[in-house]
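Once you have looked at the hints, place chain X on chain C.
Residue numbers (this note's numbering), protein chains in the order written: chain C, 1 to 433; chain X, 1 to 331.
Wrong hints could be hidden among the right ones.
As the list claims (entries may be wrong) - Listed next, with one range per pair, are the computed distances between beta-carbon atoms: (1) C/GLU298 <-> X/ASP206: 27 to 37 Å; (2) X/GLN232 <-> C/ASP273: 26 to 36 Å; (3) C/ALA214 <-> X/ASP285: 42 to 52 Å; (4) C/GLY73 <-> X/ASP99: 22 to 32 Å; (5) C/PRO103 <-> X/ASP99: 22 to 32 Å; (6) C/ALA214 <-> X/ASN40: 47 to 57 Å; (7) C/SER109 <-> X/GLU234: 36 to 46 Å; (8) X/SER243 <-> C/GLU143: 42 to 52 Å; (9) X/ASP99 <-> C/ARG394: 19 to 29 Å; (10) C/ALA173 <-> X/ARG275: 54 to 64 Å; (11) C/ARG394 <-> X/LYS218: 51 to 61 Å.
None of these hints come from the bench; they were simulated from the model. Here the structure is a predicted model, which is why all the values come from computation and not from measurement. Even glycine gets a Cβ: it sits at the ideal position worked out from N, Cα and C.
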Amino acid sequence: MTKRIAFRNARLIDPASGLDVKGGLLVENGRIADVGPRLFNDAEPNDPEVIDCKGLVLAPGLIDARVFTGEPGSEYRETLESASQAAAAGGITTIVVMPNTEPAIDEPSLVDFILRRAAATAKVRVAPMAALTKGFGGEVMTEIGLLQEAGAVAFTDGDRTISNARVLRRALAYANTFGALIVGHAEDPDLTDGAAVTEGEFAMRLGLPAAPSAAEAIIVERDIRLVEMTGARYHFGQISTRAALDAIAAAKERGVAVTCGVAAHHLALNELDVGSYLTFMKVKPPLRSEADRAAMVEGVASGLIDIVVSSHDPQAADTKRQTFAQAAFGAIGLETLLPVALGLHHDGRAHLSHVLKALTASPAKIFGLNAGTLAKGAPADLVLIDPDEPFTVRESELKSRARNTPFEGRRFHGRAVKTFVGGVCVFDRRAKA
Amino acid sequence: MTPASADPFLKSSHLLGIEHLSVGEIAALLDLGEVYAALNRGAKKKTDLLKGRTLINLFFESSTRTQSSFELAGKRLGADVMNMSVKTSSVSKGETLIDTATTLNAMRPDILVVRHQDSGAAELLSRKLDCCVVNAGDGSHEHPTQALLDALTIRRRRGSFEGLIVAICGDVLHSRVARSNIHLLLKMGARVRLVAPRTLLPADADRFGVEIFHDMKKGLEGADIVMMLRLQLERMSGAFVPSTREYFRFYGLDHEKLKAAKPGALVMHPGPMNRGVEIDSAVADDIEVSVIQEQVEMGVAIRMAVLDALSRGLAVEGRSARVARKEEGAP
Numbered sequence: 001m002t003k004r005i006a007f008r009n010a011r012l013i014d015p016a017s018g019l020d021v022k023g024g025l026l027v028e029n030g031r032i033a034d035v036g037p038r039l040f041n042d043a044e045p046n047d048p049e050v051i052d053c054k055g056l057v058l059a060p061g062l063i064d065a066r067v068f069t070g071e072p073g074s075e076y077r078e079t080l081e082s083a084s085q086a087a088a089a090g091g092i093t094t095i096v097v098m099p100n101t102e103p104a105i106d107e108p109s110l111v112d113f114i115l116r117r118a119a120a121t122a123k124v125r126v127a128p129m130a131a132l133t134k135g136f137g138g139e140v141m142t143e144i145g146l147l148q149e150a151g152a153v154a155f156t157d158g159d160r161t162i163s164n165a166r167v168l169r170r171a172l173a174y175a176n177t178f179g180a181l182i183v184g185h186a187e188d189p190d191l192t193d194g195a196a197v198t199e200g201e202f203a204m205r206l207g208l209p210a211a212p213s214a215a216e217a218i219i220v221e222r223d224i225r226l227v228e229m230t231g232a233r234y235h236f237g238q239i240s241t242r243a244a245l246d247a248i249a250a251a252k253e254r255g256v257a258v259t260c261g262v263a264a265h266h267l268a269l270n271e272l273d274v275g276s277y278l279t280f281m282k283v284k285p286p287l288r289s290e291a292d293r294a295a296m297v298e299g300v301a302s303g304l305i306d307i308v309v310s311s312h313d314p315q316a317a318d319t320k321r322q323t324f325a326q327a328a329f330g331a332i333g334l335e336t337l338l339p340v341a342l343g344l345h346h347d348g349r350a351h352l353s354h355v356l357k358a359l360t361a362s363p364a365k366i367f368g369l370n371a372g373t374l375a376k377g378a379p380a381d382l383v384l385i386d387p388d389e390p391f392t393v394r395e396s397e398l399k400s401r402a403r404n405t406p407f408e409g410r411r412f413h414g415r416a417v418k419t420f421v422g423g424v425c426v427f428d429r430r431a432k433a
Numbered sequence: 001m002t003p004a005s006a007d008p009f010l011k012s013s014h015l016l017g018i019e020h021l022s023v024g025e026i027a028a029l030l031d032l033g034e035v036y037a038a039l040n041r042g043a044k045k046k047t048d049l050l051k052g053r054t055l056i057n058l059f060f061e062s063s064t065r066t067q068s069s070f071e072l073a074g075k076r077l078g079a080d081v082m083n084m085s086v087k088t089s090s091v092s093k094g095e096t097l098i099d100t101a102t103t104l105n106a107m108r109p110d111i112l113v114v115r116h117q118d119s120g121a122a123e124l125l126s127r128k129l130d131c132c133v134v135n136a137g138d139g140s141h142e143h144p145t146q147a148l149l150d151a152l153t154i155r156r157r158r159g160s161f162e163g164l165i166v167a168i169c170g171d172v173l174h175s176r177v178a179r180s181n182i183h184l185l186l187k188m189g190a191r192v193r194l195v196a197p198r199t200l201l202p203a204d205a206d207r208f209g210v211e212i213f214h215d216m217k218k219g220l221e222g223a224d225i226v227m228m229l230r231l232q233l234e235r236m237s238g239a240f241v242p243s244t245r246e247y248f249r250f251y252g253l254d255h256e257k258l259k260a261a262k263p264g265a266l267v268m269h270p271g272p273m274n275r276g277v278e279i280d281s282a283v284a285d286d287i288e289v290s291v292i293q294e295q296v297e298m299g300v301a302i303r304m305a306v307l308d309a310l311s312r313g314l315a316v317e318g319r320s321a322r323v324a325r326k327e328e329g330a331p
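Next comes chain C alone, as it looks inside the complex:
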């Protein structure tokens, strides 16, 4: 029997096609069967399941292209299952997971492990990335072809920069043979060695080890040159400075095929949020100056920054309850990604559809995912969003196994109300737990 769900009375936003109208959507057997402004307008559908969206936004489920979990190796921090629950609550239907686990995801059997564990335990789709170099050693490239066959959607050493330009050049050239996407991290490892924050007046007052923000642009500029030489598909996982953005803008202008992302916390927080040594504000790259934060918002608004990610990085108490210098980097963000991004819409910086594009159609295109659209025939990965609902972030209410949110007590407007993966409801905020 065909399983049908009818959504009516929705504000349909599909950034992939530019659609933004009131209308309805029909799901059949986990796929989008019909969508449009006139659907279910006149008559009540006779389907067993009808969802009245009451004018709320119905959009493609979000794609978070930068998620660290602790599986395998550090399951006490986060599993694929717990990350997927947090994702579902954040309106995210696909998480692109980082290979930075123990062991590193650097061979096909491990990619297979992630996919099987995800199928068995995760509520949302999981797209694994694989390591670019063996054990993130920065020396020996991984089996890019075989890893791709096993299901790796991209190759990255995560939050480690490959310091050896010769190694990176060859890896890029080789990856291009397979049309593989490389995701880079831009922080000069020597300049940032031991640093906890961005160099400047505030770091000086706190007496914290600091690195210049130029450590980012130095690598961005190097990598752009290598991409121009090799023609590889290259994505900067996250940038955080105006200088890096300017370098990428110039490269795009020249026609170089590079894209970039920004972490939500770099849109909403600046270096002053470290306050009195709050370790939950210790992220990699570190929080930047207000001018750089504003440049990131501008970059998303102008479209020069292609996507917004959470950089979700769960850390346990033992690694965060330390002095700032000793504490681990990382902040969780799956459940605050959408609220932070919606801030750009509320502040009048970008149209709602433009904001959602950076969370749906754009990451789908960059990572080659069959997701992020309301097109007929596409998987029914959907999110129902109340873009105006006010709420306060309470660490105790988050679904992630880790507690290290930098947004505790912060007020936002707008979040996911219901989330569907393949037509199955995986999150319903109104449902009693």
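What follows is chain X alone, placed relative to chain C:
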């Protein structure tokens, strides 16, 4: 002899840094320091002000002089003093700094004096402990009692800070002593100059409201006080400066460079000194200019003043919580 007033003049129940102290609080601490400096020069040095109180010296970084200075200060005020030296390795093995803090808290100390290699450690402990926390140096952040003892030494010699030119020379980048002194001296009306090669100055150092000099003679010109900083051994060879002999040539204080300063200028050093690196023995041992020994003496006095001032807050809280309730007739 006990100070006449027991006014709890410090707003905070901790001393974590100079940055958030007011001019009035600093002046009051220095006044109290004077009282204890006089007491320490007498024959009967001991009071029972902190009798029954427990002071723990928690040192994650070894420092013989600061630790013994606090120990002596606590003992002269009649407190029970316990010294704990923690090797970093045992802390980093699974146990967090906060675990250490809660363990100590269970021992119910009244005052915890902490020295730690990381900035913010004292602040972190103060948030998790019920007792007063005194920062005895945290990373490159602050070392408030050092700045206070320096200030007491200066005030005794010069009367006030207004208009004094103080040149702080050397490794400002890694120095908590420099940061605390900059805050204190600027608050009290002095002019502060930083003299160092560019590798030993923080980026944006001028944002502190100080003048920056890279030429030591120019930096010392007309200075009333020359404050030398210790250059850590591991920073000497190649990492931040090429060699000790090059450093001494350009940034070591000798009589030749000191000539640029105001006649009768005072030379200070927080110790321990690297003779022949940042300071020439001929200057360090010249009792006409060097007040380095007096700094050590004032160290004990100012730490007594700090412990006294913080313990006043303790006494008041203790009474208000217990006695006040009794007075109101509550069970």
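### Task
Mind checking the hinted window 54 to 64 Å against the Cβ distance between C/ALA173 and X/ARG275?
Because 57 Å falls inside the window, the suggested range holds.
### Query
Within 47 to 57 Å or not, the Cβ separation of C/ALA214 and X/ASN40?
With Cβ atoms ~51 Å apart, the hint holds.
### Message
Tell me if the beta carbons of X/GLN232 and C/ASP273 are separated by a distance inside 26 to 36 Å.
### Response
Holds - the Cβ-Cβ distance for X/GLN232 and C/ASP273, about 31 Å, lies within 26 to 36 Å.
### Task
Using the beta carbons of X/SER243 and C/GLU143, state whether their distance is inside 42 to 52 Å or not.
holds, 49 Å
### Task
Could you tell me whether the CB distance from C/ARG394 to X/LYS218 stays inside 51 to 61 Å?
Once the Cβ atoms are compared, 57 Å apart, the range 51 to 61 Å for X/LYS218 and C/ARG394 holds.
### C/SER109 paired with X/GLU234, Cβ distance criterion 36 to 46 Å
holds, 45 Å
#### Entry: Status of the given 22 to 32 Å range, CB of X/ASP99 versus CB of C/PRO103
holds, 29 Å
### Message
A range of 42 to 52 Å was offered for this pair. Does it hold for the Cβ distance of C/ALA214 and X/ASP285?
### Response
Given about 45 Å between the Cβ atoms, the range holds.
### Message
A range of 19 to 29 Å was offered for this pair. Does it hold for the Cβ distance of X/ASP99 and C/ARG394?
### Response
holds, 26 Å
#### Entry: Whether the CB-CB distance between C/GLY73 and X/ASP99 falls inside 22 to 32 Å
Given range 22 to 32 Å: holds, Cβ gap about 23 Å.
### Task
Take a look at whether the Cβ-Cβ distance between C/GLU298 and X/ASP206 falls inside 27 to 37 Å.
holds, 28 Å
Of the numbered hints given earlier, the model fails none.
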